[in-house]
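S.K.: Input sequences plus hints: build the corresponding full structure.
Number of protein chains: 2
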Amino acid sequence: MKTYLECLPCFMNQALRAGRIATEDETIVKKLLNEVGMMIPKIPMEQSPPETGTFIYRKISELTGNSDPYRQIKNTNISKALELYPKFKKMVLESEDCLLMAIRIAIAGNIIDLGTGKKFDIEKDIDKVLHQDLAIFHYTQFKEKLEKANKILYIADNAGEAVFDKILIEELGKPVHFIVREIPVINDVTMKEAKIIGIDRIANVISSGSLAPGTILKNCDKNFVEMFRNADLIISKGQGNYESLSNEAEEIFFLLKAKCNVIARDLGVKENDIVLKYSKK
Amino acid sequence: MKTYLECLPCFMNQALRAGRIATEDETIVKKLLNEVGMMIPKIPMEQSPPETGTFIYRKISELTGNSDPYRQIKNTNISKALELYPKFKKMVLESEDCLLMAIRIAIAGNIIDLGTGKKFDIEKDIDKVLHQDLAIFHYTQFKEKLEKANKILYIADNAGEAVFDKILIEELGKPVHFIVREIPVINDVTMKEAKIIGIDRIANVISSGSLAPGTILKNCDKNFVEMFRNADLIISKGQGNYESLSNEAEEIFFLLKAKCNVIARDLGVKENDIVLKYSKK
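Here the protein sequences come in this chain order: A and B.
Per this note's numbering, residue 10 is the first one in the first sequence, and the count goes up by one each step.
Per this note's numbering, residue 10 is the first one in the second sequence, and the count goes up by one each step.
Do not rely on the hints blindly, as some may be mistaken.
As the list makes no split between identical chains, a pair holds if one copy fits it or if it spans any two.
[Said to hold, decoys possible] Under the rule of at most 30 Å between Cα atoms (straight-line distance), these lysine-lysine pairs were calculated in the DSSO-like manner:
no., residue 1, residue 2
1, K40, K279
2, K128, K227
3, K39, K290
4, K51, K201
5, K279, K39
6, K268, K201
7, K268, K39
8, K154, K11
9, K51, K89
10, K11, K39
11, K96, K39
12, K137, K227
13, K51, K160
14, K204, K39
15, K11, K128
16, K51, K268
In short, the hints are calculated from the structure, not lab data.
M.R.: Right under this line is the structure:
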C-alpha cells in the first residue's frame with residue numbers, strides 16, 4: 010500500500026504517542042516531532058507507511074536510549090491474552106467449524122494495536138469481533154490452499170495477538186514457520202515474546218530480519234525472502250504487514266481488522282471491518 | 010494558551026482538511042503538508058496555536074490561489090442558523106432568565122467549528138448543548154460586569170455562530186462592538202458575513218485586523234487593541250480566541266465549547282464541556 014496524505018498527520022500522532030511511552034521528557038518528544046516534521050517533504054508517497062514507521066521508531070530508540078519502550082505493555086497484553094487462551098481454545102474445540110473459529114479468534118486478536126492510538130479492551134473487543142461478519146471472506150480459497158500447502162509462512166503482528174495466532178496455528182494441522190520482527194518495534198512480536206508464549210514449541214519461529222512495523226521485503230533477511238518467494242501459503246496478520254506486503258505478487262491471505270480509514274479504503278471495506286482477504290497480483 | 014505537543018499533529022491534520030476543501034489537487038495539498046512539516050521545528054511552543062494557524066491558512070491561500078475556501082460552507086451554515094433563529098429567539102423570550110438562555114444559545118452556536126475536524130449537526134447538537142450543564146459558570150460575575158459596562162467588545166468566532174451571537178447581543182441591552190476578522194480564515198466571520206446576518210444593524214461591527222484564526226493582539230489593528238485595553242466588558246467566543254487571548258491581563262469572559270482535549274485540559278474541564286469563564290490575570 011502506498012502512503013496516503015492522511016498518513017502524514019498520522020505519522021506525527023504515532024511519534025507523539027510512542028515518544029511519550031518511551032520517555033517522560035517532553036523536550037525529547039518535541040525533538041522527535043521536529044525530526045518527523047522535517048522528514049515529511051522527503052517521504053516518497055509510493056513507499057509503504059511502515060518505511061516511514063521504521064524511521065520514527067528508530068528515532069525514538071536513538072533519542073530516548075530505550076530500545077524496547079513497549080516491553081511492559083507487551084508483557085501485560087501477553088498475560089491478559091494467555092488468561093483468555095483456555096476460553097478461546099474451548100470455543101474452537103466446541104465449534105462446528107474449528108478452523109473458521111480459529112481464524113476468527115486470530116483476526117480478533119488484531120484489535121491489540123498500539124500504533125493506531127485506538128483504545129481497546131482485549132476481552133470485550135475480542136468477543137465483539139467474534140460476533141462480527143467478515144467484510145471480505147475468502148475462506149474457500151483459504152481451505153483449498155491450506156489442504157495442499159507444505160510450506161506455510163505465518164507473518165505475525167503484535168505480541169499479545171500472537172497468543173491468538175497460536176490457536177490458529179494449532180488448528181492448521183501442518184508445520185508452520187512463524188515469522189517475527191528482528192527487533193522490538195511498537196508492540197510487535199519478536200523471538201523473545203514468541204518463546205514466552207510458547208510458539209516455538211508448535212512452530213518454527215524465524216525472524217524476518219525486519220526492523221519495521223511491517224515486512225518490507227527489500228529490507229528483510231535474504232533467507233526469509235527466499236522462504237517467502239517459495240511458500241505455498243502465506244498468512245499475514247495485521248495492518249503493518251498488509252501495508253508493506255499488499256503489492257507483492259505472491260498469494261497472500263491477509264487477516265486483519267481495518268482500524269484506520271485509509272486501510273479500510275485501500276481494502277474496499279469500512280473502518281473497523283474485519284477481513285480474510287486472498288491477494289494475488 | 011501555549012502550544013502543546015498535541016497541537017503539532019493537529020496542525021498537520023488541519024492543513025490536510027483545509028487544503029482539501031480549498032483544492033482538489035492533491036499535489037498542492039502535499040506541498041502544503043510539506044510546508045507545515047518543515048515548520049514544526051520552528052514553532053516556538055510558548056506562542057499560541059493560532060499563530061501557527063495564520064501560517065497554515067495563509068499558505069493555503071498562496072498555494073491554491075483561493076482566498077476564501079470556506080465561502081460556500083460559511084453561507085450554508087449561516088442559512089441553516091438563520092432558519093433556526095426564530096426558534097431560539099422564541100426560547101429566549103419565553104425563558105425565565107432571558108440573558109442566561111441567550112448565553113447558552115451563543116455558546117451552543119460554537120459547535121460550528123471547521124478547525125477541529127469534528128462533525129456536527131447544527132440543529133441536533135445545539136439542542137444537546139442547550140440541555141448541558143456549564144462546567145464553568147461565572148454567570149454572577151458576568152451579570153455584575155454587564156450592569157456597569159458601557160464599552161462592550163464582543164469578539165466573534167465563526168460565521169454561522171454569529172447568528173446565535175446576534176441573539177445574545179440583543180439581550181445584552183447595551184451598545185456593543187462586534188469584532189470580526191480582517192480576512193477570511195477558516196470559517197470565521199468577517200465584515201461581509203456580519204452584514205449578511207444583519208449584525209451591523211444592532212452593533213458596531215469592527216475588524217480586529219486579525220489575519221489569524223484567533224485574536225493575536227500584537228498583530229491586530231492599533232485602534233482595536235486600544236479598544237480592547239479600555240473595554241469594560243470583553244466577551245470572547247470560541248477556541249481560537251481563547252487560545253490567543255487566555256494569557257491577556259484584561260478581564261475577559263470566554264464563551265466556548267471545549268472541542269479538543271488540549272483546550273479542555275488548559276481550561277481544567279473535560280472535552281466537550283461548555284464554559285462561561287471569567288478570566289483576569
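S.K.: Which of the listed hints are broken here?
M.R.: Of the numbered hints given earlier, those the structure breaks are 2, 4, 9, 11, 12, 13 and 14, listed in rising order.
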